[in-house]
Amino acid sequence: MGLSILLAAMFAIQGAEPAPIDAVVLHPFTPQKYTCSEHFEGELPYPGDALGADCAVVGDNGTRRDGASSNADYYSWRQPVLAPFDGEVVATNTNPVTNEPGTLGSPPASFIILRRADGVMVMIGHVREVVVSEGDEVEAGQYMARIGNNGMSTSPHIHIGAWRDETPLQIRWDLRAMGEMRREGWDWPEGVEP
5 MGLSILLAAM
15 FAIQGAEPAP
25 IDAVVLHPFT
35 PQKYTCSEHF
45 EGELPYPGDA
55 LGADCAVVGD
65 NGTRRDGASS
75 NADYYSWRQP
85 VLAPFDGEVV
95 ATNTNPVTNE
105 PGTLGSPPAS
115 FIILRRADGV
125 MVMIGHVREV
135 VVSEGDEVEA
145 GQYMARIGNN
155 GMSTSPHIHI
165 GAWRDETPLQ
175 IRWDLRAMGE
185 MRREGWDWPE
195 GVEP
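If you're matching positions, the sequence shown starts at 5 in my numbering and goes up one per residue.
None of these hints come from the bench; they were simulated from the model.
Accuracy of the hints is not assured; some may be wrong.
Claimed, not checked - Within a straight-line C-alpha distance of at most 20 Å, the following computed DMTMM-like cross-link-like pairs (lysine to aspartate or glutamate) qualify:
| # | residue 1 | residue 2 |
| --- | --- | --- |
| 1 | Lys37 | Asp70 |
| 2 | Lys37 | Asp77 |
| 3 | Lys37 | Asp178 |
| 4 | Lys37 | Glu184 |
| 5 | Lys37 | Asp58 |
Let the hints inform the model, and build the full structure from the sequences given.
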């Protein structure tokens, strides 16, 4: 039996075809090379979590240095977090506890929630040293915070989720913007030490 026939039979049994998945293209969250593990539909059901991704900066041998035992041994630790689009900061939260690698912390994580003019919302979690506040206007690629390890996290990374109304959006990264940042370089903002 062909795959298309099998899928059609499955959907007929369930009574309907699945709705198409809406996607959003976001500016890369950091100028560093990174990788993301995506949350499949149904894994996390809440806006900001559903269809979201956990992302970490990578080096030559993965996400951490050999023999990693502290947050500083992870390539993500304290790397810049950039705005995903032009928009408004609608909320921030600070969790002052920094987790030890391998130890799951307690929610909520430190986070930034942003809204784009068309109603798309993005939540970026597990951040630290946030420099934006509720009501601030940001531009795509603007420095907002650093990657941390807080909330329900066991290692330095960020969680990023997007939605419009109650509909989760699958995230796509603007790889042209990433190429531009890599070609032209990226500098820390004045007054912010690397």
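Hint check results:
Taking the CA atoms of Lys37 and Asp70, the gap is about 18 Å. The hint holds against a cut of 20 Å. With a C-alpha separation of about 16 Å, the suggested pairing of Lys37 with Asp77 holds against the 20 Å cut-off. Distance check on the hinted pair: Lys37 and Asp178 sit about 13 Å apart at the alpha-carbon level, within 20 Å; holds. With a C-alpha separation of about 13 Å, the suggested pair Lys37 and Glu184 falls inside the 20 Å cut-off, and the hint holds.
For a cut-off of 20 Å, the pair hint linking Lys37 to Asp58 stands: about 14 Å separates their Cα positions.
Of the numbered hints stated above, none is contradicted by the structure.
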